[in-house]
Amino acid sequence: MKRLAIFIFVATFFFAFFSSKPSFARTCGETGCAEYGCTGGYVCNGGNDTCGSRYNECTGATNTTCQTNTGWDTTSPCNTANECTGSGTRTATWTPGTCSTNCGNSNTRTDVCTCSSNNTCPITCAGPVKACTATNVVACACVDGIPQAPTITSITPICSVNGSTTINWTFGSTTGCGNAWGYVCSARSNTFYIMDGAATIASGIAAGTSPYSRSVTLTAGAHTIKVCADNGPLSNCSAVTNVNTSIDTTAPNPPSGGTVTFAANPSCTDQYIPTYTWNAVAADNGCSGMNATPYHAQGSTAIGFSPLIWADAWQAGTSKTAAASYAPGTSLYFKVRSRDAFDTRSLFTPAITATVPSPVPYSVIHIEGPFTEKVSGVCYSNITLDKNSFTFAPTTNPSTGVTTVCHAQSNTRYECDITIDNSQGLCTVPTTTLTLNAAYPGYSEAIWRAGNACGNSAVDITATAGDLVDRSNIPLFLTYSGGSGTTGWFKLSQTSFSSRENGRQNYIPNTMSTFDASGDDSVAVGVGKFFLAGTNPGTIVQNSPIVIGPSSTAYSANNWYTSSYSHTDDITYQKYIDYIKARKDSTALTSVPVSAASFPTNGIYTISQDVTLDPTWFDGKNIVLVLQGTRATFTSNFVPTGGSVAILASDISIDPAVTQINAILIAKNVSTGDNSLGNGLKIKGNLISESALQLDRKQTDDRKPSLLVIFDVQTYINVLPYLSTSIYDWRQIQ
Amino acid sequence: MTNQIQNPNNKNKQGQVLLIAIMLLATVVTVVMTIAFNSTTETQVAKLEEDSQKALAAAEAGIDSVIKQSVGTNIPISTLGDFSTQGISGNAKVLAVNKTTFVTPLLQKDEQYTFYLSDYPSFANPWTGNLELYLLSEVGQCPSIEVLVVTGLSTQARYAYNTCTATINYATLASNVPTQIEDVTFQWKIPVSLSITNGTVAFVKVYGGRTKLGFRDEGGVNNLPTQGKTVDSEARTESGVVKKVQLFQSYPQIPSSFMMTSF
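Protein chains in written order, with this note's numbering: chain G, 1 to 734; chain W, 1 to 263.
I should point out that these hints are in silico values taken from the structure, not numbers from a laboratory.
Among the hints, a few may not be true.
Footprint (simulated), chain W over chain G, 3 or more residues, beta carbon under 8 Å [to be verified]:
1. 240-250
2. 321-331
3. 554-561
4. 565-578
5. 619-633
6. 684-691
Result set (DSSO-like, lysine-lysine): computed pairs, CA atoms no more than 27 Å apart in a straight line [what the hints assert, rightly or not]:
7. Lys244(W) x Lys109(W)
8. Lys575(G) x Lys244(W)
9. Lys387(G) x Lys621(G)
10. Lys54(W) x Lys244(W)
11. Lys244(W) x Lys668(G)
12. Lys575(G) x Lys68(W)
13. Lys54(W) x Lys581(G)
14. Lys668(G) x Lys529(G)
15. Lys68(W) x Lys621(G)
16. Lys68(W) x Lys581(G)
17. Lys575(G) x Lys668(G)
18. Lys621(G) x Lys575(G)
Just so it is clear, CB atoms sit at the ideal spot from N, CA and C, and this is done for glycine as well.
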């Protein structure tokens, strides 16, 4: 029993021992895998047992071929005694390692293994040959082989900015076990390294797919470069390639000879487009050579070069033209720099300044001509106006840069100067159309007429600077309107005048004509061509000026007039009636006179009825007829023969048909008749109205006054005893 | 016993009474005489005043009586009304004054004076000579004048003058030469006398300020035409009160407003 117990104990021990394989955590005291015959370079996996001692476990014990240290075959023969339980058999398949193919063996082999027994792997290595050294262990193994030599294909560049050089090479196939890298039976590490002479300048370059490239830094000078392939145990190098490298960190010179030229903008000829030109840089100062776009030019309207006048970019050409045009006088600034192939840049050249030039000024367009007056549809030349009374407001189209000055050159001519200023860069054009817009008091229009002909329509003048058209005799046609155009103008002769209307407008045409051919009127210069004509004109009494128009520079030959003068009547129509009653001998008419018999003698006659006057009643008599509060009416011309008459009435009404009255007319209100017949009215004697007279008449011929009042002193002398008062001066002497 | 004994103070009292009586009497006499004197004086003054009024009234009546008479008429005042019974004497005469000078009445602004350069109403005897014309007779006034001289039948000549204010533009500036014409001192005169040949009439219109006008023959030799009637009337009362009045009535004057064209 004791032996049996010992046997059971020993058997249990061995059973426990073998049944524990493989176990990564060995028990203390285990010695490793030597029992598997893993010797002679076979790889073992190792670890520490529970006692901390190192153990080795052969992982390739059952491999039949060369085995890298990639671990166990996934399917392997039973390699441990206890992989089979019991004593049976099993079928195991051996799968060679990857090298096996290259060794010429089949991929797999299946056989029957006997459990608890070692089984023989019958695989034969065709070579390289390594004899198997143990049972159940593949005898064949690999022999380390030398890799192929790489081939340097290029080393570039040999010129760089920092010595960085790229070495390019090719290398053989990397597939299979017996490839360009050679056989490696131990741990494989395929890398390249590069040598410059004896110095390794790059290493650990991982194997990949050919071709290969590696950038290295080379100092300037000669180099012997080779690339080596290293599979760990062995290496093989390419042939040496000799290179002589350079390093270029020097900028090229800045371009020289910067100049600026200007070209007129075709669409805006008084602005200019600048072009900046410089000399090409002949060569780089280093090995790199000039850049393909070696120039960087900047232009600006500001010395600080902001904003720029063109796109900021490097370019190949040696000139740069601005995108826009600039006005004359504009200062422009330019500079340029260069660069080499390595973008090493020179400094900018010092800025140069260019001023946009001024174009040749356009010549002034001059227009001038005489004044021509159009009165009642007829034009009259050689007129003299008041040059200071003209108003010119010329306009031009286009107006940009155009200045037009028109004025009366003299009292007989006007002139216009059109200056088209192309020096301001305003894109002015040399051709413009001038609209005169002239005005002259008392005239409805002052215009140019087509063809310079009186009857033609108004025109503007289109002119181009520099053309040779003669514009020295273009009449300015003024059409007389008399202010309102619906009433005529009045004229006085040999009298003084007190205007009852402030600011009365009585425009007189320049081309005057006598009222009629009687000789009562004159248009002689210096005598009759006045508002108040005659060789002995009196004073114009006015509060605010009578506007007679600029055709007359004076009211009269004497040109006596008051300013802001308030005139006081020393007697009125009504007061005179009272005076007659008190102090004058008079004859009261009780009925409307029907014949001269009503006025038998000279004297004062009074009547309180309206009277239509007949001049024949007064022939040969000096009569003052006073209508007390009633109306005196003239229906026909009133020219008594050989008599002098003064009519005083509340109202005096004159028919438009009446053209002449020889009498002194005194009334509170006077109506001269309308313009329906186009007649004028001549009053030879005098006209006194206590209210402002509205002259409604208008002669057909505007050159003639529509009302002419001639002061006749003889009439006054003739009626002096009746149309008068007396002054008394009483004094007590003692 | 009582009567025998006289109080010496009694005699003194009697003297005092007498003195007082005399003084009272003197006072009464003085008052009465003063009253009587004053009454007489007032009576005399009243009489003089009455006579003065009578004389003035008589003189004015004389003017009224002859104002419409022709030159040379001389009417005794005593023939007028009851003046003869009142003992008033004197004459009213119509004169035609011919002098080398003439001063107009005061002319207001914008008034006109018709100055005759010939006889009125015949316009005969036209005056020829150089006529001085003076104006600005009142301090503070700045009159201007316009003169229309008619010679012959109807020949006209106009002149205009300013004084201290240029009321009429372009008029001639008169000369500041203070001159006394008759009893009026004029400050300005026209710078050049008006040369008149066969004058008929002149019209002088005043602008700006009032003034009298003074006319004088430049040489002081030729009388100017008569400008109207002058009536001198003198009345004297019995008491010796004398009143003398003079009225000048101009020849017809054409008002400025009837001569200046206006509308």
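These are the hints, each one checked on the structure:
1. For the segment 240-250 of chain G, the assignment as covered by chain W is violated, since 0 residues bring a beta-carbon within under 8 Å of that chain's beta-carbons and 3 are needed.
2. Requiring three or more residues with a Cβ within less than 8 Å of a Cβ of chain W, the coverage given for the segment 321-331 of chain G is violated, as only 0 such residues are present.
3. Counting residues of the segment 554-561 of chain G whose beta carbon lies closer than 8 Å to any beta carbon of chain W gives 4, which meets the minimum of three for the stated coverage.
4. Note: the segment 565-578 of chain G has 8 residues with beta-carbon separation from chain W under 8 Å; the three-residue rule is met and the coverage holds.
5. A count of 0 residues in the segment 619-633 of chain G with a Cβ less than 8 Å from any Cβ of chain W is obtained; the coverage claim is therefore unmet, three being the minimum.
6. Against chain W, the segment 684-691 of chain G contributes 6 residues with a C-beta closer than 8 Å to a partner C-beta. That satisfies the three-residue criterion, and the hint holds.
7. For a cut-off of 27 Å, the pair hint linking Lys244(W) to Lys109(W) is broken: about 31 Å separates their Cα positions.
8. Under the criterion of a C-alpha separation no larger than 27 Å, the hint pairing Lys575(G) with Lys244(W) is inconsistent with the structure, at around 32 Å.
9. A hinted pair counts as satisfied when its Cα atoms are at most 27 Å apart, and Lys387(G) with Lys621(G) does not qualify at roughly 51 Å.
10. Using a Cα cut-off of 27 Å, the hinted pair Lys54(W) and Lys244(W) holds, with the two alpha carbons roughly 12 Å apart.
11. Distance restraint check for Lys244(W) and Lys668(G): the Cα-Cα separation of roughly 44 Å exceeds the 27 Å cut-off, and the hinted pair is therefore not satisfied.
12. Between Lys575(G) and Lys68(W) the CA atoms are separated by roughly 23 Å; this keeps the pair inside 27 Å, and the hint holds.
13. Distance hint between Lys54(W) and Lys581(G) is unfulfilled; the C-alpha atoms sit about 31 Å from each other, more than 27 Å.
14. Only pairs whose Cα atoms come within 27 Å are accepted, and Lys668(G) paired with Lys529(G) is rejected, the gap being roughly 30 Å.
15. A threshold of 27 Å between alpha carbons decides the hint, and for Lys68(W) with Lys621(G) the separation of about 25 Å falls inside it, so the pair holds.
16. Between Lys68(W) and Lys581(G) the alpha-carbon distance is near 17 Å, which keeps this suggested pair within the 27 Å criterion.
17. Straight-line distance between C-alpha atoms of Lys575(G) and Lys668(G) comes to about 12 Å, which keeps the hinted pair within the 27 Å bound.
18. The suggested pairing of Lys621(G) with Lys575(G) holds, with an alpha-carbon distance near 25 Å, which does not exceed 27 Å.
Violated hints, listed in ascending order, are 1, 2, 5, 7, 8, 9, 11, 13 and 14; each of the other numbered hints is respected by the structure.
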